[in-house]
Amino acid sequence: MSKYQWLLFLHVSGAFLFLGGVVVAWVVGTAAALRERPSEIAQLLRMAGAAGIAIGAGMVLALVFGLWLVFDLDQYGLWDGWVVSALVLFVLSGALGGQGGNRDRATRRFAERLAAEGDMPSAELGARVRDPVALTFNLGSSVLGFVILALMIWKPGA
Amino acid sequence: MIASICGPTCGFPLFLHVVGAIVLFGGTAAVTLLAGVSLRRDHGQAAMLRRLAFVSTLLVVWPGWLAMRIAGQWVLGKYPGLEDSDPGWLGIGFIVGDLGLLVLVATTILAWFAYRRTRPERPRPVTAPILAGLAGLYLLALAVAVFAMSAKPGS
Numbered sequence: 001m002s003k004y005q006w007l008l009f010l011h012v013s014g015a016f017l018f019l020g021g022v023v024v025a026w027v028v029g030t031a032a033a034l035r036e037r038p039s040e041i042a043q044l045l046r047m048a049g050a051a052g053i054a055i056g057a058g059m060v061l062a063l064v065f066g067l068w069l070v071f072d073l074d075q076y077g078l079w080d081g082w083v084v085s086a087l088v089l090f091v092l093s094g095a096l097g098g099q100g101g102n103r104d105r106a107t108r109r110f111a112e113r114l115a116a117e118g119d120m121p122s123a124e125l126g127a128r129v130r131d132p133v134a135l136t137f138n139l140g141s142s143v144l145g146f147v148i149l150a151l152m153i154w155k156p157g158a
Numbered sequence: 159m160i161a162s163i164c165g166p167t168c169g170f171p172l173f174l175h176v177v178g179a180i181v182l183f184g185g186t187a188a189v190t191l192l193a194g195v196s197l198r199r200d201h202g203q204a205a206m207l208r209r210l211a212f213v214s215t216l217l218v219v220w221p222g223w224l225a226m227r228i229a230g231q232w233v234l235g236k237y238p239g240l241e242d243s244d245p246g247w248l249g250i251g252f253i254v255g256d257l258g259l260l261v262l263v264a265t266t267i268l269a270w271f272a273y274r275r276t277r278p279e280r281p282r283p284v285t286a287p288i289l290a291g292l293a294g295l296y297l298l299a300l301a302v303a304v305f306a307m308s309a310k311p312g313s
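Chains as they are written, first to last, in the working numbering: chain A, 1 to 158; chain B, 159 to 313.
Honestly, the hints are just simulated from the structure, not real lab data.
Hints are all accurate, no fakes.
Partial list, computed: chain A residues near chain B (C-beta under 8 Å): (1) GLN5; (2) TRP6; (3) PHE9; (4) VAL22; (5) VAL24; (6) VAL27; (7) VAL28; (8) GLN43; (9) ALA50; (10) ILE153.
Note that the structure is predicted; figures quoted are calculated from it, not measured.
Ideal Cβ positions, reconstructed from N, Cα and C, are used throughout, including at glycine.
Taking the hints into account, I'd like the entire structure generated from these sequences.
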């Protein structure tokens, strides 16, 4: 296999880890928002945390090998409009995902504390796990991830 | 996944194919994770996790597979000679995609039984570890397909 094939494989693998992790996070995050018992919410948010690790690792892989591809191939340049747009959206997606993830982590710790103190449903936990601000951050991050994917496929201006 | 043979000219069908593959991959990872973690939990949490694994199979994995497979055929329709030339990487994609249909049927049935047969006196029915194993194997097969379809070894 050529260097190009390896780089493309590692770049695409990063994208799959990133966006596949997003899918996992939505599955367990949505399920957590529909539960009432703190121990169940804590369990599901721990899984969302594991998905977050996959998302972070995938973003690093996709970025490193994506930039390597850009520098290695003559037909693409770092200052091409679609590459610059993808990088800007990538930073935005990471920042929004980081904010959403921080709020989810705080909610998980709160759920773990309630679980240890009797595991009774709590209105405050319900409000936190369905927090519209965290939802907006996570939704924004996810949508931007798929917009980046669209840029990678259509490559407008290339 | 066949981006480098047609690139931007494939447009929407290719985007739909890749999104479907990502949803299939992520959904299968979620089922593997839920089924795997359920093996180490008490009856109440195990039942909750297995129910979610079953629902995820229906609402995430199946739509992802359908989008991936239908849009993949749509992309291939734009390149009628490609299927005839039978490149190895495309064969791997077909194997994982089409045999995956049988695996998904088995996974769905196992997920249903793993959920329904979880009882306080038997928190780990025999179908539960089989579900975790099968979903994990299919996740590995999907990773091989990602390798074949992105790197296209031999092309």
